Every structure is written in structure tokens, then in C-alpha cells.
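A.B. asks: Here is what each chain is made of, one letter per residue.
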Amino acid sequence: MLDNLTLNQRAALLSVVMLVVGLLIWEAAIPAQKAAGELTEYERLTGGGAPKAGVPPPSQVLAKAWEQLSNPFYDAGPNDKGIGIQIGYSIYRVLTGYLMAALVAIPLGFLIGMSQVAYKAFNPFIQVLRPISPLAWMPLALFIIQDSEASAIFVIFICSIWPMLINTAFGVAGVRQDWVNVARTHELGPFRTAFTVILPAAAPTIITGMRISIGIAWLVIVAAEMLVGGTGIGYYVWNEWNNLDLTSVIFSILMIGVVGMLLDSAFAYLQRAVAYAE
Amino acid sequence: MSQPFLSIELLTQQFPDGQGGTLTVFENASFGIEKGEFVCILGHSGCGKSTIMNILAGLAEPSSGVVKMDGFEVSGPSLDRGVVFQNYSLLPWLSALKNVTFGVKARYPDWPAAKVEEHARAFLAKVGLEGDVVHRKPSQLSGGMRQRVSIARAFANQPKLLLLDEPFGALDALTRGTIQDELLKVWSETEQTVFMITHDIDEAILLADRILLMTNGPFARVAESVEITIPRPRTRTEIVDHPNYYAIRNHLVQFLGQRSKELAGQASDGAAQRPETVTIDLTEKTEDQSNPQLRAVND
Ligand SMILES: Nc1ncnc2c1ncn2[C@@H]1O[C@H](COP(=O)(O)OP(=O)(O)OP(=O)(O)O)[C@@H](O)[C@H]1O
Ligand SMILES: [Mg+2]
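Chains H and V supply the protein sequences, listed in that same order. For what it's worth, the numbering used here labels the leading residue of the first sequence as 1, then goes sequentially. For what it's worth, the numbering used here labels the leading residue of the second sequence as 279, then goes sequentially.
Because the hints were derived from the structure by calculation, they are not lab data. Since this is a predicted model, take the numbers as computed values, not measurements. Quick reminder that beta carbons are idealized off the backbone N, C-alpha and C, glycines included. Treat each hint with caution, since some may be false.
[Stated by the list, open to error] A short, non-exhaustive set of chain V residues, derived as facing chain H with CB atoms under 10 Å: (1) Lys415; (2) Asn435; (3) Leu441.
Work out the full structure, taking the sequences as your base and the hints as a guide.
C.D. replies: Take a look at the structure:
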């Protein structure tokens with residue numbers, strides 16, 4: 001019977017089987033709720049006696065997901081917003097910081113890629129700044145910018161800039177001389193050459209850099225929002241942890257994964273659109 | 279002496295030889311090409327043919343000397359000098375048609391899009407590319423088709439001078455033959471001036487009005503300019519029956535096999551190195567009966 005299925009169908013089937021088995025094991029592994037008498041002092045103090053405490057079974061997470069996703073945009077005060085609103089804040093911060101980074105990194109990368117002098121001049125700075133954990137900038141950003149929202153965006157900016165910058169420079173420097181000669185023999189000016197020859201030639205490398213950047217930005221935003229607080233999916237996770245609402249924590253972890261996947265697949269699509277075979 | 283359409287005057291090219299010295303590829307090379315002429319240049323690998331072509335295209339600067347076209351000195355690349363590169367140099371992200379319109383748009387920026395496309399399609403059709411093929415990307419075309427696109431792109435721009443660097447080097451003999459015929463056809467319709475590098479003697483005889491012979495480097499010289507005294511239109515099957523064919527061919531083989539080495543490596547003493555014109559014509563009654571095959575004229 002399996003032989004009649006395509007490779008993709010078989011893979012999908014296997015995925016579903018793994019999911020179901022995983023969920024069943026998880027469900028079965030959760031011990032029954034302790035009775036109130038068995039609770040330790042700590043558990044009582046931290047609210048462990050409430051039915052929410054302990055790792056929830058998947059059924060509970062699914063119920064939570066259903067509840068949250070059926071009304072994702074409700075807003076009932078600073079500590080009680082729908083998952084959609086929280087994710088919306090995070091995406092807004094990521095995209096703002098990311099787009100600013102792209103606006104700086106891609107033109108600068110072009111310049112660095114076109115000129116050996118610029119490459120050599122910028123290289124030491126890039127090499128020193130790139131390995132710095134983006135969160136290490138946070139105190140400095142908070143001090144200088146004096147605004148937690150803008151600081152989070154700055155951290156996204158600083159972490160997205162490097163892969164885009166390096167890949168753009170690399171892609172531009174690697175454009176085949178033959179293609180540049182085609183532009184030269186057609187008397188294209190520097191801007192026409194940049195847009196009609198170098199950009200499409202380097203686009204696959206540039207988009208790869210952008211894809212790496214968006215992945216890093218999405219990783220970093222969760223941590224950044226845990227630090228700055230207020231809104232966003234990172235803050236939400238932290239807040240639910242403080243509430244000891246592990247069901248919500250697990251649900252939001254899954255949502256972080258789903259959004260990250262969607263962002264990545266958008267860039268994967270873009271990558272296919274600009275790819276070319278030589 | 280009147281100025282030819284393209285004149286190369288005292289052209290010298292030196293490169294660092296990698297060991298602190300200089301490598302003189304050629305020195306004081308001087309020759310001319312007339313308007314509408316099809317000139318091939320033959321020479322051993324490494325003698326400096328591509329170097330000359332890159333200078334003519336304006337893609338490289340000579341160490342000294344000038345190239346004049348229509349009396350004006352060439353500096354930098356120009357739409358007036360179209361180039362067909364050895365490796366086709368098509369832009370791989372554009373379809374065949376778009377590769378040609380890319381050039382046409384650069385040449386005629388004022389044309390409306392429809393006219394640009396029509397013009398591009400017409401030239402693609404001249405090299406036998408019609409229908410859906412023109413929408414394929416270079417990676418989806420065979421080597422021969424790619425070279426056709428590259429030729430169409432160059433001809434569509436109607437440059438004053440067309441430079442071809444071993445355009446058929448990477449093609450099999452059959453495809454080569456077809457594209458040579460197409461090249462001849464397009465050339466005869468457009469009256470282009472063509473300067474072409476080749477390694478293939480028969481190809482050169484079929485296509486050229488004149489063949490320039492280069493000696494080996496360093497200090498390579500354009501030693502001879504052999505006129506191809508076979509009337510056009512030529513076809514590959516008929517030219518072999520022409521009385522001049524084997525005489526010319528033997529002369530070329532002789533040169534490349536032997537004299538290109540003997541003449542190599544002589545510095546020029548600052549004098550212009552002009553090629554000696556060689557006319558081999560067995561159909562014509564020659565006065566000098568002792569040497570009826572060769573009439574050498576210094577210009
Ligand atoms: N940029 C360069 N730097 C140093 N030497 C060079 C450079 N370009 C060419 N040469 C040298 O100049 C000589 C001529 O090179 P060129 O490419 O013109 O040869 P060619 O006649 O086109 O050969 P082929 O038939 O193999 O293409 C060679 O000896 C080559 O090593
Ligand atoms: Mg060459």
C-alpha cells in the first residue's frame with residue numbers, strides 16, 4: 001500500500017505518525033495532579049496548588065491554543081492581551097529594526113563589495129562588531145536611547161545588519177567580470193550597472209544574508225522583549241512564566257516557532273524567485 | 279596613405295611577468311581595418327590576440343599606442359564597438375529575448391518597448407531562434423543556442439565594429455558550421471566591420487576578407503595580412519574546390535606551423551610593425567612566372 005504513495009506523501013504520513021506518537025507519550029507521561037495535602041510549602045507559596053501548575057498535557061495546550069486563536073486580538077489591559085496582539089508587536093519591532101538594517105547594510109555592502117579599499121577599511125570594524133551578542137548592546141542602548149521600545153528595535157537592527165552586510169559585500173565582489181564587461185560595453189552608467197547587472201547577479205547571495213538575518217532577528221526579539229518588557233511575544237512568555245501558566249508558555253513557544261517558520265519561508269520563496277542557474 | 283576606418287598605431291602591451299620583470303606581449307603593433315571588412319586574426323595560444331581585442335573593445339588600456347576608429351581615439355568601452363565574448367557572457371537571470379533587449383535598450387534608449395522587442399526578435403530570428411525558445415534562460419539553452427543569442431545581441435546593436443573572441447571555440451564541429459553560416463548571413467545583410475579571433479584555419483578562410491597572422495609571443499607581431507582571394511558568397515562545400523583554397527590554406531598552415539616560431543621574440547627597435555600583405559591568387563595571370571603563387575606587397 002505504501003508503495004503507491006509519492007515520496008512527499010510518505011514523508012507527510014511519517015510526520016503525522018511522529019506527531020501523534022509524540023503527543024501520546026507526552027500525554028501519558030504527565031502525572032495526575034497532586035492533591036492539596038501533598039504540596040510542599042514552596043508549591044503552595046508559588047501557587048502550585050492551582051490546577052495550572054506542573055507541565056500540562058498536550059490536550060490542555062490544544063485547548064489553550066483553541067481559546068487563544070479563536071480570539072487573538074482581545075485587549076484587556078497591559079497584562080492581558082491576545083496572542084495576536086503580542087505577536088503583532090514583536091513582528092512590528094523585528095521588521096522595523098530589520099528594514100533599517102537592510103537600508104544600511106545593502107548599500108554599504110554594495111560599496112564594500114565594489115571597492116577593495118572600502119573592503120579593507122571596513123573589515124576590522126566588521127570583524128570586531130559582528131561577534132558581539134546583540135543583547136550585550138542592550139544596556140548601552142537603554143542608556144543612550146532612553147526608551148525601551150526603541151532599544152529593542154536597535155538590538156534587532158544591530159543583530160540583523162551583519163549577515164546582510166557581509167553577504168551583500170561577498171555577493172557583489174563575486175559578480176563575474178564578464179557580466180560587468182557586458183555592462184561596460186553597453187555603456188551603462190554606474191547606477192544602471194548596479195541595478196541591472198550587479199544587483200540581479202548578487203541577489204541570491206544577498207537574499208541568503210537577509211534570510212539568515214531575519215532568523216537571527218526573530219531569535220533575538222524574544223530575549224530582548226523578556227528584558228524590556230511591556231508587550232511582545234517575548235514579554236508574554238516571561239509574563240506567563242511569572243503567572244506559572246505553563247500551558248500558555250508552551251502555547252506561545254509553539255507560536256514563536258510557527259511565526260519564525262513563516263518568516264523563513266517567505267525568504268525561501270524570495271530566494272527561489274531570484275535564483276538563476278549559470 | 280589614407281586613414282583606414284580602424285587604425286591601430288604603435289600598440290604596445292606589457293605586463294609584469296610575476297618575477298619583478300616585464301613581459302612584452304607585443305610592441306609597436308600597427309595595422310588597419312577598412313569599413314565593412316571581415317578580418318580574422320590567427321595565432322598560437324598566448325600570443326596576445328585577446329589582449330589586442332580587449333584594447334580594441336576599450337576594456338583594457340594598452341601600455342602605449344593608440345587605436346583610432348573613424349579618426350577618433352578609442353578610450354573606454356562604447357556601444358560603437360560590440361563584443362561577443364568567448365564564453366557568451368549572457369546574463370543568466372534574463373531570458374534569451376531579454377538578453378537581446380538589454381542591449382537594444384542601452385543602444386536606443388528612446389525606443390518604445392514594443393519596438394525594442396520587435397527589433398530584438400528580428401535579430402534572434404536571423405540566427406534561427408524563433409518561437410518559445412526566446413523565452414528560455416541561458417541555462418536552458420544549448421551551447422550553440424547561447425552563442426547565437428550572444429551574436430544576435432551584438433548584431434542587434436548595430437555597432438560600427440564588431441569584435442568576436444573565439445566565438446565558436448566551445449562548440450562542436452556541426453554546430454560551428456551552422457552558426458558560421460548564420461554569422462555570414464547576418465554579416466552580409468548588415469555590412470558590419472568584423473574583427474574576429476579564431477583558432478580554426480578553415481573557419482577563417484570561410485569567413486574572412488583578410489587574415490592577420492600573429493607570431494608567437496613574447497614580442498609577438500602581426501606579421502602578415504593574407505587576402506582571401508575567394509569570391510563571395512562562399513559556402514563551405516564550394517570553397518574547397520576553388521583553386522586558391524589550398525594555396526591559401528597551405529600558406530597559413532606553413533606560417534602557424536613553422537614561421538610563427540621563427541619570427542618570434544624579436545624586439546621592434548621602435549619601428550612600427552606593419553604586417554606584410556600577402557596575396558595568393560592562382561586564377562590571375564601573374565607576370566613573374568618563377569614564383570606564380572606568391573605576390574608579397576609591402577604597404
Ligand atoms: N592581466 C594580465 N597580466 C599579466 N599577463 C597577462 C595578462 N593578460 C594576459 N597576459 C599575458 O599576455 C599574453 C597574451 O595573452 P592573451 O590572453 O592575449 O593570449 P591569446 O592570444 O588570446 O591566447 P588564447 O588563444 O589562448 O586565448 C599571455 O602570455 C598572458 O599570460
Ligand atoms: Mg584569448
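A.B. asks: State for each hint whether it applies.
C.D. replies: Hint by hint, here is what the structure shows:
Using the Cβ-Cβ criterion of 10 Å, the hint placing Lys415 (chain V) at the interface with chain H is satisfied: the shortest such distance is roughly 7 Å. Hint status for Asn435 (chain V): holds, given a least beta-carbon distance of 8 Å to chain H, under 10 Å. This hint holds: Leu441 (chain V) has a C-beta 9 Å from the nearest C-beta of chain H, less than the 10 Å allowed.
Checked against the numbered hints given earlier, the structure satisfies every one of them.
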